[in-house]
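Colleague: Chains A and B are the protein sequences, given in the same order. First residue of the first sequence: 795, per this note's numbering; consecutive thereafter. First residue of the second sequence: 137, per this note's numbering; consecutive thereafter.
Some hints could be false.
Claimed, not checked - Straight-line Cα separation of at most 27 Å, BS3-like style, residue types lysine-lysine; simulated pairs:
hint, chain 1, residue 1, chain 2, residue 2
1, B, K384, A, K825
2, A, K892, A, K1025
3, A, K798, B, K156
4, B, K358, A, K1015
5, A, K836, B, K358
6, B, K384, A, K799
7, A, K891, A, K858
8, A, K1025, A, K992
Calculated directly from the structure, the hints in this document are not laboratory data.
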Amino acid sequence: MKLKKKTAMLISLAVGVFLFGSTALAEIASKGGYEQMKDALKITADNMATKMKSYTTDMSFVMKDNGNVIYSDNIVTKIDVSKKVEEITETRVDGNKKFESFRYRDRERYINYNSDQDVYYVHELSGSGKEDVFLPNQNPFKQKEAADIERIVDAFVGNLKDYVVVSQNSDGSKELSGTLSESQIPALVNAIVSFQFKNEFGYRASLGNGIPRMTKDIYVKEIKGKMVVDKNGIVQSVLGTGILYGKDDNDKEHNITFEVLGKLTNVNSTTVKKPDLTGKKVEKIVSPSENGVGNPESYIGTYKNNIVIQKDGKFIKIGERIVEITSFDGKNISGKYREEYLKGYENYASSGIKEYTFSGPLEKGGFGGRVNIQDSTGSSGMCFVSIHPSIPKINLNPETIKTNMNDYDGEFNRVFE
Amino acid sequence: MGRFKTALINEIEKLYKRKKLVVALIISFIIIILGQLIILGVNRGFGIRGVGSMEFPMLVLSVVVNTILPLFTALVAIDSFSGEFSNNTMKIALTRPVTRLKFFTAKITAILLFVLFNLLFVMVLSTLAGLIFNANSFTLRGVIDIIVSYLVTLLPMLVLTLVIVVFTNILRSGVGVFFLSIFVFIILKALGMVFSRYSGILFTSMLDWYKLFTISPLPILKIANKFSMMVGYVIILFTTGYYLFDKKEF
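Could you build the full structure based on these sequences and the hints that come with them?
Modeller: And the structure:
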């Protein structure tokens, strides 16, 4: 009897261990839908960063109120990595307003256009700026923090990962999808999203004039996602849909639908052409490059600002500070500074100097530098000069020679005669 | 079978007399009321619906299943074993003409009935509260989801009970078992978060397995896998627990 009991126990233990072991192994070994989704994203990011020569991405975002489109945004990006050319076209419809923008970039130039201004701005690049403008794609999963973020996301997703369903197609591609209805969305997530939405759109109109102001009973009704992965494991399209329910102040019910669709197409067969601008409004901009200011001669001229004091609770202009740039070649700058006082205010003149000349080199590749200054009596010092890279403005701040420091203003605007 | 029944009734009576059940029910009640108040506050204060009537019982379940239910199950299990070891009342029960296996099984069945009763109580009460206080979204599918979710939670609770029973048969002190159980529970929960890849095999992560039953289409394979894993757990733990209990000298 004793032996029989022991055998029975051993058998039962063995059965238990076998059952647990086999299912536990299956659990660890099997890649669920969530894991497959992560893999697809990683493979795609890696391919985009290293292997693909060119591709087109198409992202669109649509917002509907009870089925009527109230906001839509579509961004098509064509990238040719090997030729370092990129083109981005955006079309946005916000209520009745339509907005279009276009950006083109290659090694020589970039072109900007938006429908509000209806002008093509052509920035010609010069010097080493040519190469640096085009940054290679970074693989987000190769960043240092990626592994930690992934772990946090995994923990946060928790049991929701069971909701990802995989359906395999005969051609090797597969579809990953998931639906969360209101009772399956964690209550906390639902509350936070609803609250955020209310804060964003309940009171003020930051974007989307057609979005109804919902103030009551807001909740997330449904979240859906679908991802199509081709046989090489590369994501072809991602579709996300969310439905938010709520009532406005007049107790009218609203179902706001959000749809995000992303597509990756024309891998290695995307060609980007330089846009034909004949017959269009074009404005050329010579932009600053790494070598410093783009058109240094254009900065030669006179700059002024006002000398102002406060008297009897009012600002009063008592004179002008005048800076004359006499020569500037992008590296060396020289010029004169003087103060002119209006009649009756001569005694306000700075206790230090009213006039000096300055000259010296700017920092390499920069827009400013410390230069020498010298006044008429021969005493000298240092002064910090800086040039605004695109608009005619300079800054001049003497360090050692005393001026009326209390109300000294170092910013000067160009004077156009 | 008749002897098992007698032993079971005896156990249930002991459990009932210890008043743990009443305390557990009162605390469950308080949690439901508090939860409902918080949701009403959120609704009125922020304009967010919070939860619908069908979601409220699910929300309560997700809270109860990770807090008071394991806690009271542990208390009841410790009382049933460690308590009787130290009071020496176990001897009296064992002198009755019932085998130790039947006696052991009766004790576990009684604890399980306690869990079931507690679950049903929470389910009925939270469903009622949900219906009375929340925006009405009553559906048949919702009701089925609620009933299934509450009932299937019994299985992971059985695993938890057996873990605690094994502890009570290893450690003498009831307080020791209590703290060990809480310690293990928290550690496993934390491990499940850090190594989420392997969390599926820890019994603490199975407490939430009722969520699988609300997915459509029903992930049958996943449910079958989880189910057999838990059955595996139950067999191992039951055998170990019984072995230790059987060897014990009183």
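Colleague: Hints first: check each against the structure and report whether it holds.
Modeller: Verification of the hints:
The straight-line distance between the Cα atoms of K384 of chain B and K825 of chain A is roughly 44 Å, outside the 27 Å bound, and the hint therefore fails. A threshold of 27 Å between alpha carbons decides the hint, and for K892 of chain A with K1025 of chain A the separation of about 39 Å lies outside it, so the pair is violated. Restraint check: the Cα-Cα separation between K798 of chain A and K156 of chain B comes to about 39 Å, which exceeds 27 Å; the hinted pair is violated. Distance hint between K358 of chain B and K1015 of chain A is fulfilled; the C-alpha atoms sit about 26 Å from each other, no more than 27 Å.
Between K836 of chain A and K358 of chain B, the direct Cα distance comes to roughly 25 Å. Compliance with the 27 Å bound is thereby established for this hinted pair. A distance of roughly 15 Å separates the Cα atoms of K384 of chain B and K799 of chain A; the hinted pair therefore holds under the 27 Å criterion. Proposed proximity of K891 of chain A and K858 of chain A is supported: the alpha carbons are some 16 Å apart, at most 27 Å. For the hint pairing K1025 of chain A with K992 of chain A, the CA-to-CA distance comes to about 42 Å; that exceeds 27 Å, so the pair is violated.
Checked against the numbered hints given earlier, this structure breaks hints 1, 2, 3, 8; the rest are met.
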